[in-house]
Every structure is written in structure tokens, then in C-alpha cells.
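K.L.:
Next come the chains, spelled out residue by residue.
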Amino acid sequence: MWLLAILVISSAAAFWPQKESSKVDDTDTIAIMKANFLFHFAAGNDWPDDAKVGTFRIGVAGNERLVEELVDKYAMKPIRQQVLEIVALSQEDLRKGPPEPFCHVLYVEQGHGDLGMLSRALVDAPTLLVSHESGGLERGALINFVTQANRLRFSMDSEKAKARKLLIGNKILSWAVAD
Amino acid sequence: MKLLGFRFLGVLLWTLVGLTQLVGQGMVDRAIWFWDAGQTDMALQTIRAAVEQGEDGNPEVWYVLGYFEKEIYKRETPRNPDSQHREEALKALMRAQALQPSGETAEQVRQALKYLAQTYFQDAAAGLAGFSPGRAEGMSVWFNAYVNILVELNPADDLRDQKAEWERQMGQAFNNWLSQGLAKPEDEIQILAEAVGHYERSLVHQPGHYSTLYNLAIALYNHGVRQLKRIGPETSMFELMEIQDVCVALFEEALPLMEQAHALRPNRLETLKGLMTIHYALSQPEPSEKYRQQLEAVIRAGGGG
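Residue numbers (our numbering), protein chains in the order written: chain S, 1 to 179; chain F, 1 to 305.
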């Protein structure tokens, strides 16, 4: 009995139950934030009347996890009177120009679409073109995600948005940062 | 005449001391007799009376009291980790040990204390296996009792490794409670603080310990991710920015810890993945990509140890 007790004390480490290491949560944190931003861009801005009929579409090119996040959390939420639809797009879908049918918000991940070509093709269309790349606004995006102090922020070209008959909401404007 | 008087007083004093010892010894013997006869209550009353009647400097009396309490504790079914008898046994046996017993009594006291140490350790370890935050305080009391006994028995022993392991295990237990989604949202901050506190105390005992650094980094990072996961359609832009601030602070706290762990074991897959993920969450794509490539290279080389 005492031998057992001594063994237990001297080899205490063998009795510790919590041996396994924790695992890093590999949820795409940036996708979570982008999804919420895109939802606010959809809900916080205003479109011309002829774009307020039918389905409200957010198209996403080149980011499957962002599509999943939007579908999981936001797809059932209406944008004003419109049903929200999330459209997953490939690089191929954008090769010849803007996607069909019309997307109210079009997010293009870096390297998955030619922003300049899309911007030119959308010059008369009220599509809020969103990017996440250096110089995104110069290349034609109306909103571009940027990183400031390790935080995801966005800059915007509100003049160009106005020219496309998009009315940028005050709350959205107030959170925009310099490019 | 004066000398005779002093001699008389000396003899009287010696006789009194002797008589007291005889009375004390008699009470111990009587207590043992009651015990052997199965009269537990009488045995306890008698030995306690011996302590109260001037025998509190006698290690053998304390040992017998401790032995009785220990045996009563052993008989409890089911074994009660909060048993008053174990606490009383511990007090009595520690008192006996402090009085520096000799001979057979010394060995008996040591063995009885070792037995109690074993039970305290087992209760603490069992608490970890079926952990809940409400039991944490009691578990620490048991572990500290175990440590105190070991220190009393072998003051020169270095127990830093055991203390570090205990704190690491407690940190891990709190961390698992969070990661398994068992904490109420309003309790999460407190549970995280407990996990972090235990990991940090572990690092005081064992600075630069790989597993502690890694798990502490994960605890902080994953807590940030949990906050982000709550973001949804009802989250306002203002709240989004606030949540982001909180999360980035947690990610920034986690990063140097993960880097320290990585420096200790540069080819561990879990730390490479951790660094890749934390940098990504901090919107730092270049370092994230660098660690992704390292991770791939280690996997291709069949490493990861």
C-alpha cells in the first residue's frame, strides 16, 4: 500500500488528465468581418428606384468562405423590401464583364477580376463595386477594404458612387477612412 | 535545612512531571484501547482530552489523534474530498511532524502524511478530469495541501515542476471549458481570466515552457474568434468596430506568445498553423503566407515533431 502511495507521489505527472493541446480556431475571421461590412453596405446605402425591385443581390468573386458566411448569417435578411440573395462568382464569370443577372453589390477578391474593366463596364450601372487590394479605388472600385493598425477598415470614392446614382448613407460615410 | 528543602522541591517537581507523563501516556493507551475495541467516539474523546490536558507538546499524542482521524476518513463511503476528518488528520499529523518525533513515531507520522498527500493529489487530479469552474477553488486547496505535505516531509525538494504542471493543467481545464462552449457568455471573460492567470503562474514556475506558451496563445486567440463569431445582421457598424478592437487586442497579445513557442520548436505544425492564423486575423497576409509555406514544407518533409 505504501509502495503504491510513494509511486503515485513520485510519478505524479503520469496522472495529469489534460494532456491534449488546444487547437487554433481556424474560422476565417476576415470573412466574418467582410460579410458584416458588405451587409452594412447593402443596408446602409440607397439605390435608384429601378434597382429596388426584385431580388437584392450581393455577388462575391473569389472568396468561398465569405460566400458561406453571408449565406449562413445574412441570406434570410431583407434589404428594405427586397429579398437578399448571395451569388458566388468565379473568375470566369467576370472575364467578359459584370455578372448577369445584375448585382447591387459586387465584391471582387484580389486576383479574381479585372477591376478596371469591370468599372468601365459598370459606368452606367448602380453596382457598388467593392475590392480589397492596394490601389483598389484608383482601379475603379467604389469601396476598398484597407488595413489600419491591424484592423479591417474601408475607404470609398463617394463622388464616383454619386455619379452612378448610388446614395451613400451617412453612417457608412462616417466610418470610411482615407485611402 | 535549606538544601533539604530544595531537594524536596526538586523531587516533588520530578514526581509531578513523571506523573503527568504517566497520566498522558495512560490516556494515549486508553484511547488506543477504545479504538481497538471499536469504540471510535470514546477513542477520539480520550485522545482529544489528552491534547487539551497538557499533552500538546507530545508528538505521539498528535500522531494518535491524526491516525484516528485518518482512519475514520478512510472508512467514509463514498470517500468525501471535503471530509472534516481528513482535515483534522492533516492538522494533527502536521503538528506531530513539527514537534520532531523520533524513532518509530517519526516513521509512522511520515507514512500517514504520505498517505494523506496521495489522497489530496488524487482528489485534485480527479477534479481536473471532471472539471467545472465551481470546483476549481476546492481543487486548488487539495493540491496545495498535497504540496504543503511534501514540503513538510522533504523541505529541500524542488516542487516547481509539479506546481507549474498543476497551473498548466488548471489553465487547460478553464480553456477547455471555454472551447467546449460550456461557459455562459456573461461568464466568459472571468473564465478566460482564470485560464490566463493559471497559465501565467505556470510560466513563473517554468519560464519558456512550450506547451504553456502555446496554449496561452490559443486561449487568447480563440477567445477573440468567439467574439467575432457573434457578429451577425444585428451587429451595428459601431459594434463591429468595437468587437474588432477587442479581438485585435487579443490577437496581438497571442502573437508574441505563439512566436516564443515557435522559437522553442520551430517545426511544430500546431505553432506554424497558429502563427499563420493569427497573422491572417491581424490582416497581415505576407507573414501569414510565409508561415503557410513553412507549414507545407514541414508536412512535405514528413516532419512536425
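Note that these hints are calculated values from the structure, not bench results. Treat each hint with caution, since some may be false.
Some chain F residues well away from chain S (every beta-carbon gap over 10 Å; in silico) [what the hints assert, rightly or not]:
1. G26
2. M94
3. F251
4. E252
These stretches of chain F come out as covered by chain S in the derived footprint (C-beta under 8 Å, 3 or more residues) [stated by the list, open to error]:
5. 50 to 59
6. 80 to 87
Each residue gets a CB set at the ideal place from its N, CA and C atoms; glycine is no exception.
K.L.:
Just want to verify: F251 of chain F was marked as not at the interface with chain S; is every Cβ pair farther apart than 10 Å?
P.N.:
7 Å, violated
K.L.:
Please confirm whether E252 of chain F is truly not at the interface, meaning its C-beta sits more than 10 Å away from all C-beta atoms of chain S.
P.N.:
Non-interface label on E252 of chain F violated, nearest chain S Cβ at 7 Å vs cutoff 10 Å.
K.L.:
At 10 Å, judged by beta carbons, does M94 of chain F keep clear of chain S as stated?
P.N.:
It holds; M94 of chain F is separated from chain S by about 17 Å at its closest Cβ, greater than 10 Å.
K.L.:
Confirm or reject the coverage of the stretch 80 to 87 of chain F by chain S under the rule of 3 or more residues with a beta carbon closer than 8 Å to the chain's beta carbons.
P.N.:
violated (count 0)
K.L.:
Within the stretch 50 to 59 of chain F, is the number of residues with a Cβ closer than 8 Å to a Cβ of chain S three or more?
P.N.:
violated (count 0)
K.L.:
So is G26 of chain F really clear of chain S, every C-beta pair being over 10 Å apart?
P.N.:
30 Å, holds
Violation of the numbered hints given earlier is confined to hints 3, 4, 5 and 6; the remaining hints are satisfied by the structure.
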